[in-house]
Amino acid sequence: MNATSARSLETEPGPVRRSGAGADRLFQLITAACAIFVLLILGGTALSMAWGGRLAFKTFGWRFITDSSWDAVGGHFGALVPIYGTLVTSAIALIIAVPVSIGIALFLTDIAPRWTRGPIAIAIELLAAIPSIIYGMWGLFVFAPFMATHVEPWLTAHFGSNAVVGPLFTGPPIGIGMLTAGIVLGIMVIPFIAAVAREVFSAVPAPLRESAVALGSTRWEILSRVTLPYTRSAVIGAIFLGLGRALGETMAVTFVLGNAHDLSASLLMPSNSIAAAIANEFTEADTDIYRSSLIALGFLLFVVTFIVLTIAKLLLLRVNKQMGRTH
Amino acid sequence: MAIPARRRAADIAAFIFATAATIFGLVWLTWILWMTIRQGSSALTPHLFKEMTPPPGSSGGLLNAFYGSAVMILLGVLIGTPIGVAAGTFLAEHGRYTRLAAVVSFVNDILLSAPSIVIGLFIYTLVVRTAGHFSGYAGALALAMILLPIVVRTTEESLRLIPDTMREAGFALGLPRWRVTQQILYKAALSAILTGILLGAARISGETAPLLFTALNNQFWSSNLNAPLANVPVVIFQYAMSPYDEWHALAWAGALVLTAFVLLLNILVRVLARQGKQR
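Protein sequence lines, in the order shown, are assigned to chains A and B. Those letters in the first sequence? Residues 815 to 1141, by this note's numbering. Those letters in the second sequence? Residues 122 to 400, by this note's numbering.
Derived by calculation from the structure, the hints in this document are not laboratory data. Don't take every hint at face value.
Claimed, not checked - Covered by chain B, per the in silico footprint, the following chain A stretches (three or more residues, Cβ under 8 Å):
| id | region |
| --- | --- |
| 1 | 890-904 |
| 2 | 1009-1022 |
| 3 | 1040-1050 |
| 4 | 1053-1063 |
| 5 | 1086-1100 |
| 6 | 1108-1120 |
Unchecked claim - Incomplete in silico selection of chain A near chain B, CB under 7 Å:
| id | residue |
| --- | --- |
| 7 | 866 |
| 8 | 945 |
| 9 | 1123 |
A virtual CB, placed ideally from N, CA and C, is assigned to each residue, including glycine.
Can you make the complete structure from the sequences, with help from the hints?
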C-alpha cells in the first residue's frame, strides 16, 4: 500500500530464522519474476504489434484510419471499414445486452423464486462458456438464415422507406451482415454484464432497500431510484467490460459478418471488423505491407480494448473500495 | 394502501421486462445447444474418433484434430499453470501491498478480457516469425498465455481467502515464509486453485483465434509439435466455411464434442467449487 509497509516486508527478520533466509529470498524472487512475466506479456504484445505494424503506419500515416479502400492487389490499405464495422457491431451488441443484462440481474435478485436463482444464474453463465466458434457456426448455419427469412424482410418493409432510419435497413436480406453480427455479439456479452450487475445489485445494503419499501416504493422505483443510482459506477464498469469483449471478439463475428470491404450505411449489408479481417486474411497475406497492415489493425484493436478495459477496471475498483473490499 | 395506477403499471412493466429478459437469455442458450446437439449427433459416428480429416468429397473423422488439440491444451496448461500459480502467490503473499503487485493485478485483469486474436498475433511475431514456420509449440504457447491470467486470478483470490491465523500459526512454528506458503497455504487453497486451472483449460479448449496463425492446421496425422498441428477449433472453422456437406457434418460433430467437453468441465468446476465452500 505505501512505502513503509513495503519496506518492512522486505526486511522483516521474524519468521526466517531456521531454514535460511536464502531459500525464502529465492522463492520470493521466483514468484516476483512470474508476476513480472504477466506485465511482459502485455508489454510484449503492444510492442510486437507496434513493431510489426510500423511499415503500414509509416506508409499510410493517418490515412490508414480514415481511408476506406482495402486493396490487397494494389497494396493500398485503409482501415476505415473494419474500424467502422467493429464500432457498429459493438454498439448494436450493447444496445441489446445492456437492458437485457440489467433485466436478468433484477430478475435474479428480486423476482425469481429463491430456489430457481442458482440454476438460472448458472445457465446464464454457461452462455459465456460456450466457445465463440460455436456461436459463429450457429450464427452462420442457423441464425443468419433465420434473420434472412423472418427478420430482415420485415425490417426492410417497415423501416426501409422511413426518412430517418430507412438507410439503416435497406438492401437484400442475405442474413449475413452487421445487424446479425451485432445481435450475436450482444448474446455473447450478456453473461459478462449480467454477472457483475447481479453481484452489485445483491450487495446494495438492505437498510437502503428497506427504507425504500417502507416509503411505499414499488419494485420499479426501488430499481430506478435506489439500486441503479447506488450501483451506477459498477454497472457502467460492467458495460465497459462487455464493450471490451465485444470489440475484440473474433470467431463469432468472422462467421456472420461477410468479410466485405465496402462501406455501407445499411446494417443488413456485409461488412468487416478488425478482428475478423485479421482472422480471415492473415494467413493469406503474401506481401510485407499487407501483413504489416493487418498487424497494425491488431495494434489499433489492442490499444482501444486496453483503454476500454482500463476504464472498466477503474470503475469496478472504485466500487470495491466503496464496498469496503480490499481487492 | 392503493398504489396509483401509473406507478403500478410501471412496476408491472418492470416485472414483465425482467422476466422477459431472463427468458430471452435462456432462449439463446437452449437454441444454440439444441442445434449443436441435433446437427452434431447425426454426424457423430465411431469414425469420428478413428479416422483422419478427409479431403473434400470423402468421409473421415477428426482423430488428428482431437489429438492435436489435446496435446496443445495439455502443454498450454503445463506451461501456464506453474507461472500463473507463482504469480498469483506473489500477488497474494510475498508481494502483498507492494506497488508491483497492484500493477500486476490490474494488468492481469485486463489480460483476462483482452482479445485472444491479439495474443495470437503476439506469439506469431515472437515464435512463428523467428522460427520461420507454424508449429504446435507456438499454438500451445498462445494457449498458455490465455490460460495464465485465469490461473493468476483464481490463485490470488483463493490465497487471500485463507485467514491470516493460518499463516501466523505456521510462522509460530518457526517455518520460513516459503514453507508456510507451500505446505500450509497451497494445501488449504488446493481445490480453489485446481478449479482455476480447470476453468482455464475449459476456456482454452474452445479458443480458435490464437491458433489460426500459430498452430495453423494439418490435414494429416502428425505428432510433430515443431510443425503445423491439426486442432479441433481451426478444423471446425475451415470445414464450416467450406462449401462441402461432408465437411459441414464433420464440423457440427466436432462442435458437439467441443461444446460438450467445455460445458461439462464448467459444470464440474461449479460442483467442485460448491463442495469446497460447504467444507
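Which hint numbers doesn't this structure obey?
Going through the list in order, the structure violates hints 1, 2 and 3 and respects the others.
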